[in-house]
Amino acid sequence: MQRRHLLKALTFTVSAALMGTAAQETLAQAKTVKVGVLHSLSGTMAISETVLKDVALMAFDEINAKGGVMGYKIEPVVVDPASNWPLFAEKARQLLTQDKVAATFGCWTSVSRKSVLPVYEELNGLLFYPVQYEGEELSKNVFYTGAAPNQQAIPAVEYLMSKEGGAAKRWVLLGTDYVYPRTTNKILRSFLHSKGVDDKDIDEVYTPFGHSDYQTIVGNIKKFAAGGKTAVVSTINGDSNVPFYKELGNQGLKATDVPVVAFSVGEEELRGVDTKPLVGHLAAWNYFMSVKNPENDAFKAKWAAYAKAKKLPGADKPLTNDPMEATYIGIYMWKQAVEKAKTFDIDKVIAAVGGQTFKAPSGFTAMMDPKNHHLHKPVFIGEVMANGQFNVVWKTKGPVKAQPWSPFIPGNDKKKDEPDGKSAT
Amino acid sequence: MSKIFGWCAGLLLMLCAQAQALDAALVGRLMTGDSDEKSQAITELVVSGDPAVAPLLQAFADGDLQASGSRALITSGGRIVDAVTAEVLPALPDDHEDLVVNNRMRRELADALAVLKLLSTERADRLSAARTLVNGADDAMLPLVKKALAAEQDSEIRGLLEGVAASMEIRTGDTAQRMAAIIKLGEAGGSNAKKLLLPLTVKNADGTWAEPDGDLRAAAASSLRSIESRLAWGERVGLVFAGLSLGSILLIAALGLAITYGLMGVINMAHGELMMIGAYATYVVQSLFRTHLPAWFDWYPLLAVPVAFVTAALVGMLLERLVIRFLYGRPLETLLATWGISLVLIQCVRSIFGAQNVQVENPAFMSGGVALMSNLVLPWNRIIIIGFALVVLGAVSLTLTRTRLGLFVRGVTQNRTMASCVGVATARIDTWAFGLGSGIAGLAGCGLSQIGNVGPELGQGYIVDSFMVVVLGGVGQLAGTVYAALGLGFANKLLEAWSGAVLAKIAVLVFIIVFIQRRPQGMFALKGRSLDA
Numbered sequence: 001m002q003r004r005h006l007l008k009a010l011t012f013t014v015s016a017a018l019m020g021t022a023a024q025e026t027l028a029q030a031k032t033v034k035v036g037v038l039h040s041l042s043g044t045m046a047i048s049e050t051v052l053k054d055v056a057l058m059a060f061d062e063i064n065a066k067g068g069v070m071g072y073k074i075e076p077v078v079v080d081p082a083s084n085w086p087l088f089a090e091k092a093r094q095l096l097t098q099d100k101v102a103a104t105f106g107c108w109t110s111v112s113r114k115s116v117l118p119v120y121e122e123l124n125g126l127l128f129y130p131v132q133y134e135g136e137e138l139s140k141n142v143f144y145t146g147a148a149p150n151q152q153a154i155p156a157v158e159y160l161m162s163k164e165g166g167a168a169k170r171w172v173l174l175g176t177d178y179v180y181p182r183t184t185n186k187i188l189r190s191f192l193h194s195k196g197v198d199d200k201d202i203d204e205v206y207t208p209f210g211h212s213d214y215q216t217i218v219g220n221i222k223k224f225a226a227g228g229k230t231a232v233v234s235t236i237n238g239d240s241n242v243p244f245y246k247e248l249g250n251q252g253l254k255a256t257d258v259p260v261v262a263f264s265v266g267e268e269e270l271r272g273v274d275t276k277p278l279v280g281h282l283a284a285w286n287y288f289m290s291v292k293n294p295e296n297d298a299f300k301a302k303w304a305a306y307a308k309a310k311k312l313p314g315a316d317k318p319l320t321n322d323p324m325e326a327t328y329i330g331i332y333m334w335k336q337a338v339e340k341a342k343t344f345d346i347d348k349v350i351a352a353v354g355g356q357t358f359k360a361p362s363g364f365t366a367m368m369d370p371k372n373h374h375l376h377k378p379v380f381i382g383e384v385m386a387n388g389q390f391n392v393v394w395k396t397k398g399p400v401k402a403q404p405w406s407p408f409i410p411g412n413d414k415k416k417d418e419p420d421g422k423s424a425t
Numbered sequence: 001m002s003k004i005f006g007w008c009a010g011l012l013l014m015l016c017a018q019a020q021a022l023d024a025a026l027v028g029r030l031m032t033g034d035s036d037e038k039s040q041a042i043t044e045l046v047v048s049g050d051p052a053v054a055p056l057l058q059a060f061a062d063g064d065l066q067a068s069g070s071r072a073l074i075t076s077g078g079r080i081v082d083a084v085t086a087e088v089l090p091a092l093p094d095d096h097e098d099l100v101v102n103n104r105m106r107r108e109l110a111d112a113l114a115v116l117k118l119l120s121t122e123r124a125d126r127l128s129a130a131r132t133l134v135n136g137a138d139d140a141m142l143p144l145v146k147k148a149l150a151a152e153q154d155s156e157i158r159g160l161l162e163g164v165a166a167s168m169e170i171r172t173g174d175t176a177q178r179m180a181a182i183i184k185l186g187e188a189g190g191s192n193a194k195k196l197l198l199p200l201t202v203k204n205a206d207g208t209w210a211e212p213d214g215d216l217r218a219a220a221a222s223s224l225r226s227i228e229s230r231l232a233w234g235e236r237v238g239l240v241f242a243g244l245s246l247g248s249i250l251l252i253a254a255l256g257l258a259i260t261y262g263l264m265g266v267i268n269m270a271h272g273e274l275m276m277i278g279a280y281a282t283y284v285v286q287s288l289f290r291t292h293l294p295a296w297f298d299w300y301p302l303l304a305v306p307v308a309f310v311t312a313a314l315v316g317m318l319l320e321r322l323v324i325r326f327l328y329g330r331p332l333e334t335l336l337a338t339w340g341i342s343l344v345l346i347q348c349v350r351s352i353f354g355a356q357n358v359q360v361e362n363p364a365f366m367s368g369g370v371a372l373m374s375n376l377v378l379p380w381n382r383i384i385i386i387g388f389a390l391v392v393l394g395a396v397s398l399t400l401t402r403t404r405l406g407l408f409v410r411g412v413t414q415n416r417t418m419a420s421c422v423g424v425a426t427a428r429i430d431t432w433a434f435g436l437g438s439g440i441a442g443l444a445g446c447g448l449s450q451i452g453n454v455g456p457e458l459g460q461g462y463i464v465d466s467f468m469v470v471v472l473g474g475v476g477q478l479a480g481t482v483y484a485a486l487g488l489g490f491a492n493k494l495l496e497a498w499s500g501a502v503l504a505k506i507a508v509l510v511f512i513i514v515f516i517q518r519r520p521q522g523m524f525a526l527k528g529r530s531l532d533a
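Protein chains in written order, with this note's numbering: chain S, 1 to 425; chain Z, 1 to 533.
Bound-form chain S, shown alone (with noise of 0.2 Å):
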């Protein structure tokens, strides 16, 4: 009896043990680590968000060919949400649940921000959001790379309104109908207002998304602009853009005339435009593909030999953006710091994120705020060239500290500038 016991004992310790060694084995061997990219692949916001993916499978290969994150390597999990906001929080949630991921690298608007905001939060999830937005949240789970509008509405404006700019006196404020547009035009008007503008010279116009006929708005434009001189302000997203510059150009509106500064067209947006009648509108952001230093050589020339490696569509004339240079700082911000932590926890890394640094392609080192979540950043306005590019007309001496919370919204005073749920570390 006793020996049958002893021997139960022994088979189940050498067993035990063995399996260890096996589950260490094979850990050893996959040793990766899940993560999130949540990008609209097709709709609308296709047009702007699939090289975001791309961009991000681009740093993944690239960490991943120098040994990876912690000696994990990054296997990524690419879901499409289709530019349909529901469907952003079903998927993330698919990300966190099913995946679970360790960050999620994802969204362009505004309305698919709010709308997987909720998920992570309840599920305590991280997500980096690379796009210049509208201010006005701050949560512990994200981690904002893009601009807030003291980084890049409101430098812009104030560049139309300088003797450099056409000194501007009436603004047509156009945009897509939604969250990002509409508070973004709501900044803009008190910030007007505190210039001296009166609200008869402004004029806030919306269209759908997907919308394509601007034959009635740009009119409307030409007839405003009889009245002193206008610039146009356009948060215009997605495909519409490309219908709103054909018609510009075809009713003979020049960039001299009435310039259109806009906030959501960069290099990848207008490849499908004839840009030579748009020479000379603008567009403001924190990174140009036609900067010129280090970095941004080498960010350009491993995405164009990425992009031809991995046939993508339009890799004869590879692009990169803002957005783009937002992500890849995102994704090295989150290697960084988990590194720091030593850990894929997400309270920690996000404790760890902020005071991050990075050499950004912009070539500028910016700085993830160890408070608010938002990354210091240069603003440069440019204008559109021949070729498609951006030429840089106006830049800030340094990065610039951004303001999520707009102090030209009132109430905005006594918001605390970093998210209150503390982490729960």
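For the record, the hints were derived by calculation from the structure and aren't laboratory data.
Yeah, the Cβ is synthetic: ideal placement off N, Cα and C, and Gly gets one too.
Do not rely on the hints blindly, as some may be mistaken.
Unchecked claim - Okay, the calculated beta carbon distance ranges per label pair:
1) 78/S / 297/Z: 48 to 54 Å
2) 506/Z / 343/S: 47 to 53 Å
3) 202/Z / 407/S: 28 to 34 Å
4) 172/Z / 194/S: 32 to 38 Å
5) 313/S / 173/Z: 57 to 63 Å
6) 93/Z / 294/S: 20 to 26 Å
Claimed, not checked - As a list, the in silico EDC-like pairs of lysine to aspartate or glutamate whose alpha-carbon atoms are at most 20 Å apart:
7) 163/S / 138/Z
8) 184/Z / 206/Z
9) 195/Z / 138/Z
10) 186/S / 203/S
11) 195/Z / 199/S
12) 100/S / 75/S
13) 292/S / 97/Z
14) 200/S / 228/Z
15) 163/S / 36/Z
16) 276/S / 98/Z
17) 395/S / 98/Z
18) 184/Z / 154/Z
19) 397/S / 361/Z
20) 395/S / 34/Z
21) 292/S / 95/Z
22) 203/Z / 198/S
23) 223/S / 361/Z
24) 229/S / 139/Z
25) 147/Z / 122/Z
26) 195/Z / 203/S
27) 114/S / 418/S
28) 163/S / 37/Z
29) 195/Z / 257/S
30) 163/S / 34/Z
31) 292/S / 94/Z
32) 395/S / 361/Z
33) 195/S / 206/Z
34) 276/S / 361/Z
35) 223/S / 228/Z
36) 254/S / 97/Z
Position chain Z against the provided structure of chain S, taking the given hints into account.
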């Protein structure tokens, strides 16, 4: 007077003496100064009258000017020439740098170049120069404009130049000149003249008039009124054109459906995807032209139109043969099956061409527009689409009323059994008719590719509009489709001008729902026994 003449002559002599030698200091300021200095340098260069100024400024405006140390190098036309010494260099020095222009410089350069071209011997050059200057120019260039005006014989250019001179004198002249300028602007000016006159009629912040002279103020106000009434006409014509353009787009999108749904009664949810196939066919033809026949690129639409028609028609006929013919008389199943087909087609295109939009470039003659009035430019691509829609409409109605196929199609749709009895091969006619409807959808796609985006979801944006047009017009009626398309186009544009794009779209939908409830048969109903069939 003679003194001025002598001074001018002296200046001319001086100019001749130093011809071909630009002032190096001036060129230096043009390259390295801040914007104010640059603009000053441009004005001084123009006033200097040196013939070497024009190529220099042109190169600057075109981005063909490079700085190398203190030298300005013009790189246009494959040669590298020093702008000051006219020396030809074999290659660009290593330290060369692009000289970039911003909007402000671009505007001043355009004005300066226009002033230089005013004395050109080519009428077209002078005309385009005068048109550029209508948007205003530096006051220092007034003497040059006046000189050009004195020498000008052509009445059209004279008219423009008088406006240009007036727009400068209104700021700088004495009272009599300003008065004349105000009246002149009131007679001929457009939106730019309005901008100049407005400041004369407003009050300053402290309550005093910005323009102290009461007579000038009154003249400015009356000039403003006449300009505004002229501009209002431009806006009205613009609105009508916009409605016509949107109507023509709706018409061309709905025409194919008017045959497949209207005549044959097939609820074809894949209609939009047939349009998308037409647009992609256009894209493929365009890409082939770009790689194989770049010299003929502008003519690609001539081939794209038949290719789009045939491709879409073939896909449509295939669909009819393989799926739809088994579902005649079962509208619900047809709806579901064609909807499924539409998803399959979208996914096919996505796999072949990628999910992103593809770039269909307009041929050169479809870019730009005709300037009808100072504030009204009609874009060529829209004019051509209107014409294209009319041609397609004409072709469809001729096919249906004048050809044997059309006769059979009408016969089969009106009374299938009777047509069959008298020897019409109804099954084959169905296939042909469906092919015709699909082909027209392909043509629509070809047209739409010139105006909007071409992507796998192109059809989704038009399918609802197409059904709306056909149902509103009355099923089975080509004329109804035309009226409905134009009506919806105008209604949409009128409402948009009044309430904005978002509300206009909602209002139009509400109107259609109410209309269909009151009159389910649509605007024009087919009379007679045929409907019972």
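Each hint, compared with the structure:
no., hint, verdict
1, 78/S / 297/Z: 48 to 54 Å, "violated, 37 Å"
2, 506/Z / 343/S: 47 to 53 Å, "holds, 52 Å"
3, 202/Z / 407/S: 28 to 34 Å, "holds, 32 Å"
4, 172/Z / 194/S: 32 to 38 Å, "holds, 34 Å"
5, 313/S / 173/Z: 57 to 63 Å, "holds, 59 Å"
6, 93/Z / 294/S: 20 to 26 Å, "holds, 23 Å"
7, 163/S / 138/Z, "holds, 15 Å"
8, 184/Z / 206/Z, "violated, 30 Å"
9, 195/Z / 138/Z, "holds, 16 Å"
10, 186/S / 203/S, "holds, 12 Å"
11, 195/Z / 199/S, "holds, 19 Å"
12, 100/S / 75/S, "holds, 12 Å"
13, 292/S / 97/Z, "holds, 12 Å"
14, 200/S / 228/Z, "holds, 18 Å"
15, 163/S / 36/Z, "holds, 10 Å"
16, 276/S / 98/Z, "holds, 19 Å"
17, 395/S / 98/Z, "holds, 18 Å"
18, 184/Z / 154/Z, "holds, 18 Å"
19, 397/S / 361/Z, "violated, 39 Å"
20, 395/S / 34/Z, "holds, 16 Å"
21, 292/S / 95/Z, "holds, 15 Å"
22, 203/Z / 198/S, "holds, 15 Å"
23, 223/S / 361/Z, "violated, 29 Å"
24, 229/S / 139/Z, "holds, 18 Å"
25, 147/Z / 122/Z, "holds, 17 Å"
26, 195/Z / 203/S, "holds, 17 Å"
27, 114/S / 418/S, "holds, 18 Å"
28, 163/S / 37/Z, "holds, 13 Å"
29, 195/Z / 257/S, "holds, 12 Å"
30, 163/S / 34/Z, "holds, 12 Å"
31, 292/S / 94/Z, "holds, 17 Å"
32, 395/S / 361/Z, "violated, 33 Å"
33, 195/S / 206/Z, "holds, 18 Å"
34, 276/S / 361/Z, "holds, 12 Å"
35, 223/S / 228/Z, "holds, 10 Å"
36, 254/S / 97/Z, "violated, 27 Å"
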